[in-house]
Amino acid sequence: AQSVTQLGSHVSVSEGALVLLRCNYSSSVPPYLFWYVQYPNQGLQLLLKYTSAATLVKGINGFEAEFKKSETSFHLTKPSAHMSDAAEYFCAVTLNQGGKLIFGQGTELSVKP
Amino acid sequence: GAGVSQSPSNKVTEKGKDVELRCDPISGHTALYWYRQSLGQGLEFLIYFQGNSAPDKSGLPSDRFSAERTGGSVSTLTIQRTQQEDSAVYLCASSSLWDIPQGHTFGSGTRLTVV
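As you go down the protein sequences, you meet chains A and B in turn. The first sequence begins at 65 in this note's numbering and counts up one residue at a time. The second sequence begins at 341 in this note's numbering and counts up one residue at a time.
Derived from the structure by calculation, the hints contain no laboratory data. Hints should not be assumed to be uniformly reliable.
Claimed, not checked - With beta-carbon atoms standing in for the labels, derived distance ranges: (1) B:GLU354 <-> A:GLN106: 24 to 34 Å; (2) A:LYS133 <-> B:ASP358: 28 to 38 Å; (3) B:GLN423 <-> A:GLY126: 36 to 46 Å; (4) A:SER116 <-> B:PRO395: 15 to 25 Å; (5) B:GLY399 <-> A:SER116: 18 to 28 Å; (6) A:LEU84 <-> B:SER427: 30 to 40 Å; (7) A:ILE124 <-> B:ASN350: 20 to 30 Å; (8) A:LEU120 <-> B:GLU354: 24 to 34 Å; (9) B:GLY382 <-> A:LYS176: 18 to 28 Å; (10) A:LYS133 <-> B:ARG421: 41 to 51 Å; (11) B:GLY368 <-> A:ALA117: 16 to 26 Å.
As the list claims (entries may be wrong) - Calculated from the model, a selection of chain B residues having no Cβ within reach of chain A, i.e. all distances over 10 Å: (12) GLU354; (13) LYS355; (14) GLU360; (15) ASN392; (16) SER406; (17) GLN423; (18) LEU431.
Stated by the list, open to error - If we take Cβ atoms under 10 Å as the criterion, some of the chain A residues that face chain B in the derived model are: (19) PHE98; (20) TYR100; (21) LEU108; (22) GLN109; (23) LYS113; (24) ALA118; (25) THR119; (26) LYS122; (27) ALA156; (28) THR158.
Where a beta carbon is used, it is the ideal one built from N, C-alpha and C, also for glycine.
Construct the entire structure; sequences and hints are all you get.
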């Protein structure tokens, strides 16, 4: 069975600091992995996806994530946080192209001025 | 359409009433999904449509919940005899089935409040 664990329900960083949001997955076969962002009262927006091509994936708004099979991780990073990055971030996994997404519990990112 | 459209955006209903939530996916997307987002449970999968059929409805929490999709397009999620625990944001998403997974495109959701 697939599962996703996001370490830390809330992360706070200063503006300009590194953002690191952690995601570990459990899957018996190579998964497809995604990061979504949700701003208040909005739906989810796809940030980036891993689909077995390059292990370092670049997404929108300066975010990137690295797939590490040995660590079963897909952590999300951004070198320098902006105030506009404050939102909730969800890591998700699926095994196939038609399949449902299994989401982590989400990490709320706060950015301090 | 250009995006996934959900209606209504907000719905307040009395306990025991039936509600219908509508989702209009991106034109040409054959796969459609319903999820529920609530404070205690996070994001939960409800049901998945491929065309008009539902190969996976494993996430529907009870037989009060049902969904249909017609013409390979619009989908309706119906909750009968609503209960307070049904209060949540119901999110619809669609995706193009035959590509390498592109991830879902989500609508803005319907916020359901049962009073």
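Hint numbers contradicted by this structure: 2, 8, 18, 24, 25 and 26
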